[in-house]
Amino acid sequence: MSIQATSASLAAEPRPTYGAKARPVWALLASPYALFLLVLLIVPFANVAFFSVHSYSPTKILLPELTFDNYRKLFDLYYLRLFGRTLRLGLVTTIVCVLLGYPVAYFLARARPRVLTIGLFLLIMPLMVSTVIRVFGWIVILGRKGLVNQALVALGLEPVKLLYTETAVVIGLVNIFLPFMVLPLMASIERIPPSLEEAAQNLGANWLQTFARVILPLSVPGLISGCLLVYSISISAFVTPALLGNSRERMAAQQIYDEVLVSFNWPSASSLALALVALTLVLMFWALFATRRTGRRERAS
Amino acid sequence: MSERYEIEIRGLVKRYSPQVIVGPISFDVRPGEFFSLLGPSGCGKTTTLRCIAGFESLSEGSIRLAGARLDDKPPHRRDVGLVFQNYALFPHLSVFDNIAFGLRLRRVAKPEMRERVARALQLVELAGLGERFPAQLSGGQQQRVAIARSLVLEPQILMFDEPLSNLDLKLRIQMRDELRSLQRRLGKTAIYVTHDQTEALALSDRIAVLSHGHIEQIGTPAEIYEQPATAFVAEFIGSSNLFPARIVGHGAPGTIVETEAGLRLCCAGNGETANGERHGIAVLLRPERVQVHAPGNGATGPNRFPGHIAEVTYLGEDLHLGLALDCGQKLRAALKNANAARAFAAMQPVEIVVDPGDIRILSR
Numbered sequence: 001m002s003i004q005a006t007s008a009s010l011a012a013e014p015r016p017t018y019g020a021k022a023r024p025v026w027a028l029l030a031s032p033y034a035l036f037l038l039v040l041l042i043v044p045f046a047n048v049a050f051f052s053v054h055s056y057s058p059t060k061i062l063l064p065e066l067t068f069d070n071y072r073k074l075f076d077l078y079y080l081r082l083f084g085r086t087l088r089l090g091l092v093t094t095i096v097c098v099l100l101g102y103p104v105a106y107f108l109a110r111a112r113p114r115v116l117t118i119g120l121f122l123l124i125m126p127l128m129v130s131t132v133i134r135v136f137g138w139i140v141i142l143g144r145k146g147l148v149n150q151a152l153v154a155l156g157l158e159p160v161k162l163l164y165t166e167t168a169v170v171i172g173l174v175n176i177f178l179p180f181m182v183l184p185l186m187a188s189i190e191r192i193p194p195s196l197e198e199a200a201q202n203l204g205a206n207w208l209q210t211f212a213r214v215i216l217p218l219s220v221p222g223l224i225s226g227c228l229l230v231y232s233i234s235i236s237a238f239v240t241p242a243l244l245g246n247s248r249e250r251m252a253a254q255q256i257y258d259e260v261l262v263s264f265n266w267p268s269a270s271s272l273a274l275a276l277v278a279l280t281l282v283l284m285f286w287a288l289f290a291t292r293r294t295g296r297r298e299r300a301s
Numbered sequence: 001m002s003e004r005y006e007i008e009i010r011g012l013v014k015r016y017s018p019q020v021i022v023g024p025i026s027f028d029v030r031p032g033e034f035f036s037l038l039g040p041s042g043c044g045k046t047t048t049l050r051c052i053a054g055f056e057s058l059s060e061g062s063i064r065l066a067g068a069r070l071d072d073k074p075p076h077r078r079d080v081g082l083v084f085q086n087y088a089l090f091p092h093l094s095v096f097d098n099i100a101f102g103l104r105l106r107r108v109a110k111p112e113m114r115e116r117v118a119r120a121l122q123l124v125e126l127a128g129l130g131e132r133f134p135a136q137l138s139g140g141q142q143q144r145v146a147i148a149r150s151l152v153l154e155p156q157i158l159m160f161d162e163p164l165s166n167l168d169l170k171l172r173i174q175m176r177d178e179l180r181s182l183q184r185r186l187g188k189t190a191i192y193v194t195h196d197q198t199e200a201l202a203l204s205d206r207i208a209v210l211s212h213g214h215i216e217q218i219g220t221p222a223e224i225y226e227q228p229a230t231a232f233v234a235e236f237i238g239s240s241n242l243f244p245a246r247i248v249g250h251g252a253p254g255t256i257v258e259t260e261a262g263l264r265l266c267c268a269g270n271g272e273t274a275n276g277e278r279h280g281i282a283v284l285l286r287p288e289r290v291q292v293h294a295p296g297n298g299a300t301g302p303n304r305f306p307g308h309i310a311e312v313t314y315l316g317e318d319l320h321l322g323l324a325l326d327c328g329q330k331l332r333a334a335l336k337n338a339n340a341a342r343a344f345a346a347m348q349p350v351e352i353v354v355d356p357g358d359i360r361i362l363s364r
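Those sequence lines, one after another, are chains A and B.
Taking my numbering, the leading residue of the first sequence gets 1, the next gets one more, and so forth.
Taking my numbering, the leading residue of the second sequence gets 1, the next gets one more, and so forth.
Just so you know, the hints here were simulated from the structure itself, not pulled from any lab data.
Idealized CB from N, CA, C, for every residue including glycine.
Treat the hints loosely; a few may be bogus.
The following residues of chain A were derived to be distant from chain B, with all beta-carbon distances above 12 angstroms [claimed, not checked]:
1. L120
2. L274
3. L281
4. W286
Distance ranges between label pairs, derived from CB positions [as the list claims (entries may be wrong)]:
5. A:A212 to B:I173: 36 to 46 angstroms
6. A:L116 to B:H212: 26 to 36 angstroms
7. A:A212 to B:V13: 33 to 43 angstroms
Please work from the sequences and hints to get the whole structure.
Printed below as a string of structure tokens:
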């Protein structure tokens, strides 16, 4: 009886590393970064939240009276269009990144080690150049007398206006954020054994069917993380739209920048910033929830 | 009229690089036959299988399925089922959807699809598990799903790439027997790749033994075991006493050969190898055919040698003896752990008797 009880309690014991004794260790390990976040993110963020519920005064920046006007204002047509444009450009950037990035991710995931090293280097290299410099590169290429238009003229075609348009902004954003799409996708595709593709072919699937029924569904986790990354950094992008776009068709980050540094309307900028953060968070939780649901089914034991 | 073959492979060559070449390999598989490709890793057996499935292109040669050229078709149009070593089940699909995968691609109507999947599940004794996902199944069950997934499409031939190597010993033997009875019942032509000689012997109608990219011998399990064509086959199938030897004369029952260690054996036949060679030969003596007796027990026959037991390895069911003959030849013997054998101990003097019919002459 007692022996049975002992063995049962032994079997029920959880793995010791994650027991009560281990808890102070992870707290200790995480504390430097937690402190960093507290001082440099949470506190300023609380401050932003504080600003956002106070009204603006041209002389004092802030009046000590509570108001939700700053949030109510976000539903004005101007701000709705700003958000609409921001989310739309983010979406277009994300879609273009998926279309351009998926083949690259697949190629790299199935590449031999040497090709993979070179490919990864080429993929990451643009990230080593500062955004500003890269964007100036695009100005040279897309400008009124840039490379694209010179080529069009040489071919006897009309030059087109590219620079300072939404197209230029998307091109610039895709260029910068493509690695953020390719890397998680690649990691996801790498985990799909090539034998699954062969099995699909053996069962009668051509490459398109193999892709649609095996590769794509199994790479959904990577696809979602990639999209989430690209979308969330695209809608908060500042340098690229500021330099490649025009000030009438601006994105949310440009508006926030203007309100902080040009019109000094900190309460309005704060409500705008918080709204942007809230949008991103909602999106993120939705995506995480979606991936967890599909993942649980496959791993279930 | 010549016999009709299901699969005809003629001069298959796959060149990976000038140094790495598989083939030329040629063999035929009869309808309904269970044919095994057996050999150590890197011998070309999996390459051959992948060429038939279409995952590798041939450098030379041809593959025919039921008389029609197969090697110019893309893999998804070949109609040859393949069961993968790691099963390759789709983790995002239920057992039902895994099995229905090929049927959906062929646009089989829903009621028929459901019925065929149910029948396939029943065939592999997994009825009622259609809603599970592969991760919820044991290794043996996953194996069955993989087989059902191929069977449900009723391919002309069914191929297996070391399908049992990921299972534990007991399950392996059970699945092996089930696989055999399933194949017999369906009368489906099967090609089976393995490095496990026991598996090949137990399952196959015929076996092709491969080494270094070419076929050493094709034959029934008994032929491969009893009459190995080469020293490689003898060594690879079962354990063996294989000694370089030369022919020293001819006696009443056959030929006298002498091993390099000086053991003179009288063996049946004229001493020629399968290819008619008389020089550079070796003698093969299976350990279980070596008879070990206490001295002076009255055994007769031309091959009786005094010696002693050098070591005894106790394996429960079997005893493996290392024997040292007085002439200097060392010999291995495998005995059942029963009767007189139970008394054998190291250093015990014994008389070793070999039937002349149990000795094979091979080219070295």
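Structure-based check of each hint:
1. L120: Given a closest Cβ separation of 26 angstroms, the condition holds.
2. L274: 38 angstroms, holds
3. L281: It holds; A:L281 is separated from chain B by about 28 angstroms at its closest Cβ, greater than 12 angstroms.
4. W286: 20 angstroms, holds
5. A:A212 to B:I173: 36 to 46 angstroms: 40 angstroms, holds
6. A:L116 to B:H212: 26 to 36 angstroms: 31 angstroms, holds
7. A:A212 to B:V13: 33 to 43 angstroms: Hint holds: Cβ distance 35 angstroms, inside 33 to 43 angstroms.
The structure shown violates none of the earlier numbered hints.
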